[in-house]
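Novice: Sequence:
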Amino acid sequence: MPSARSPAEPARIPDPGPFRYPWRPSRAPPMQDHYEPAAIEAAAQRHWEQAGTFRAVEDPARAKYYCLSMFPYPSGRLHMGHVRNYTIGDAISRYMRMQGRNVLQPMGWDAFGLPAENAAIANGVPPARWTYDNISMMRRQLRSLGCGLDWDREVTTCRPEYYRWNQWLFLRMLERGIAYQKTGTVNWDPVDRTVLANEQVIDGRGWRTGALVEKREIPMYYLGITRYAEELLGALAALEGWPERVRTMQANWIGRTEGVTIGFPYELDGRREELRVFTTRADTLFGVTFVAVAAGHPLARHAAASDPALAAFVAECERCSGTEAEQATQDKKGMPTGLTVLHPLSGRALPVWVGNYVLMAYGEGAVMGVPGHDERDFAFAQRYGLPIRQVIDVDARPYASDAWQPWYADHGRCIASGRYDGLGHEAAVQAIAADLEAAGHGGRQVQWRLRDWGISRQRYWGCPIPIIHCAGCGAVPVPDADLPVVLPEELVPDGSGNPLARLHSFVDCACPRCGRPARRETDTMDTFVDSSWYFLRYASAGNDASMVDARVGYWLPVDQYIGGIEHAILHLLYSRFWTKVMRDLGLVALGEPFANLLTQGMVRNAIYFRKPASGRIVYYSPADVLLETDARGTPVGARLKSDGLAVESGGIGTMSKSKQNGVDPQAIIDRYGADTARLFMMFAAPPELSLDWSDEGAEGAFRFLRRLWKVVHVHVTGPDHPPLEPAALDAADRELRRLAHQTLAKVGDDYGRRRTFNTAVAAVMELLNAVGRHAPATPAGHAVVHEALELAVLMLAPLVPHISHALWQALGHERAVVDEPWPAVDALALRQDAVLLVVQVNGKLRGHISVPVDADEALVREAALADLNVRRFVGSLAVRRVVVVRGKLVNVVAG
RNA sequence: GCGCGCGUGACGGAACGGGUAGACGUAGCGGACUUAAAAUCCGCAGCCGCAAGGCGUGAGGGUUCGAGUCCCUCCGCGCGCACCA
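846 is the number that the numbering used here gives to position 846 of the first sequence; each next residue is one higher, with no gaps.
In case anyone wonders, no lab produced these hints; they're calculated from the structure.
Ideal Cβ placement from N, Cα and C applies to all residues, glycine included.
Cross-link-like lysine to aspartate or glutamate pairs, in silico, EDC-like; alpha carbons within 20 angstroms at most:
| # | residue 1 | residue 2 |
| --- | --- | --- |
| 1 | 710 | 699 |
| 2 | 182 | 217 |
| 3 | 64 | 154 |
| 4 | 888 | 833 |
| 5 | 64 | 820 |
| 6 | 641 | 624 |
| 7 | 182 | 364 |
| 8 | 333 | 307 |
| 9 | 332 | 318 |
| 10 | 746 | 766 |
| 11 | 746 | 826 |
| 12 | 64 | 592 |
| 13 | 333 | 375 |
| 14 | 332 | 316 |
| 15 | 215 | 316 |
| 16 | 888 | 857 |
| 17 | 844 | 867 |
| 18 | 64 | 819 |
| 19 | 611 | 624 |
| 20 | 746 | 735 |
| 21 | 182 | 452 |
| 22 | 333 | 318 |
| 23 | 64 | 152 |
| 24 | 710 | 766 |
| 25 | 710 | 36 |
Simulated restraints, written as ranges between beta carbons of each label pair:
| # | residue 1 | residue 2 | range |
| --- | --- | --- | --- |
| 26 | 848 | 875 | 14 to 24 angstroms |
| 27 | 512 | 273 | 38 to 48 angstroms |
| 28 | 624 | 584 | 54 to 64 angstroms |
| 29 | 543 | 624 | 46 to 56 angstroms |
| 30 | 486 | 376 | 49 to 59 angstroms |
| 31 | 437 | 273 | 15 to 25 angstroms |
| 32 | 274 | 490 | 54 to 64 angstroms |
| 33 | 828 | 848 | 23 to 33 angstroms |
| 34 | 584 | 543 | 18 to 28 angstroms |
| 35 | 590 | 115 | 25 to 35 angstroms |
Hey, can you work out the whole structure from these sequences and the hints?
Specialist: Pasting the structure below:
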């Protein structure tokens, strides 16, 4: 996903000032000679807790940095995706902290949702109990991971003190008409008598009952996100800190299309009506030979009322159209309604068909059929024997209606179109739109793909919608003074409808308007509502008097948001919308909540399975499989450890329960420590790419930390050394020192600008390898090693904070490493006398030359041409040109 | 079908603005240490070749002194999504 490469950190990093030499030749307290992660991780975490290190306090004098990872759904245990997400966020947070920023890194729980109800159905435990238990478990796991989180700002969306503000803002939207009621279609399980989520419908049947799912029209609440379509689309361009890919996806989802709405007049029961369609190809209007409507279109329903065959077809269309994707894959089918409409310009009569490929939700729910120039209409016309008419000419190419050619859909000049003949695409669209408008049959229009956001869910474990239904007054908003409408937490759903609806103490109430007995709304809100503003609440934590307060002005926008690519559309779009609504209500000053976005890749693992003759595939955990390799290490087969028999490889896939290829992060933390888990996650791949789990890789990360520990141990138990004097070093010491500062410059760039933690780790590994090879001959040499080790520990501190905490102490420091500033690069250390240049002849590598760093081009050229191997390859050829790239290479062009 | 990406050793990946392809790690091989194994340390390691050298970044073409990187065509894989009219 390189297009989604992390953007540059736009904020200016303060100048750290001149380089200082902070070392004291003090002896550190005695150091354990073995790396024992459990003990040092507990000690480091205890220190942060006692010092309140990560408690964020607003301070207008300091530049803030709001680093936010998407909060988890409390499903039970942390999975590797969480570990990756929170390690990336923590690394960025700790790095920015070292840069002197006032960092806020909060955490919370997206605690409402369907899995809690499913668990309740399976185990008979109230969703609340299950959810709160999971939260305690996962909070403990997050602490053991060592994330620098401000737990004082924890947000739990299933708590009334949070969701009361969902209700409060919903009422404000209702007052302004942004929230409104209309009917919507839901999946109805006739056996369980309950509404099913899309994911609970499998092949058109209810997941528990297997009953054929029916469609039902029920009243629901909607949020008018389409009013913000223009702004949501337009503002994308300014979100420079977002991956291009996500912006494109959102733009496609919002889907702005310019076209023409065309009304086809008809008479029905003596009344003059118009069938409206939307098209981007108004220039093909004279090629229309039929009009197709969606199964849910009023005309289709009208015709079906008196035609049983059509009624059956309409019912069939409606049954299988669970999702739009599903509808997209089915065979294109249709049926005539027997009705006709008139062409608005030619007056010709056109048949009206019902087509299963026409979407009720987009445009007008009807399309004009132009088989001559639309591939889908062409197939439809061929199947049902409808006329095909050419009305666009492209370079006088011969048109034949027996087979589709791709160029039929190209723009060209109108023919057989009366007075529009000869016009090009744009001119024809203009002219036809103008004439339609003059005739009162339509005109130019902008169409959006985006639809309003239906938030009603017929489910228990969610935020109650604050409405009371009164026989006399209708749907009455709950008065602000009566908020929150508290969700009772002791109910246990059993799969047959919403248990709230059967709880009289919840449902029975008095109408706030007339006082007569009334019924409380039992629908709850879509959980995307909860996650649409939690990032604002972190900045207003604990405020019982208002939804948000002035602290939002300090912390927002989020400087860095980190989460999975699967949220690229819905969550991020809803959050942007919600923020804009709050802005328009005067609650916040900002219009976009997330300045920079990092979408992390999936965590994957190998998949192994057997497919027995009985047919059902059985998956095996990679931990239970032994790989066989040939002499070169190429895998040739795999066997199950338990029975020694072969298993098939299913490649690599996202970790999932169904594929049995998940790895429990807790097991890794228990075995190697949190630092190893974190280091492996950050080293194995750049954050935006998918990451493949590898036991050996985790082992390798652990090995590196153990070696780091050992190198520091050997150093601090070695001879004393004087303070570093950079000016008086021998060549080898100077070289190590140059590498150390070069590495520091690279790692700072990798963390801050590129967000490529994997290459930063590789660079520190190289530095440590060099330190291991370096045999200091003098006390001054030990001072250089000391500096290199200190820099290594500081550089690794954002990634592996626990071992860094311990090693920093061992190197003789009283202040905790977490409070240290990011070290400054010593420009003097980077200075080199000579530089090695690559020499090519005709673009091929033929040698290297060493030249003074300030050598001019003539000197470099001369040195290159003097090189023996260069002379050998140039031979008798004439040197036509010598390209010199300063500090890099010389290319001798000969021929 | 459309849109957006991505194809580099056995594997994960590196190569940042067109300038030494394969950093770093994993797996592998050889050696040291050990009664032995593990751990650790040292070394080898893209392919062909004794070497000199040649060939190599999915395939083919182009631009350039120079292409993994830019452009075109094709193939494969992944993700997203609309039969969007």
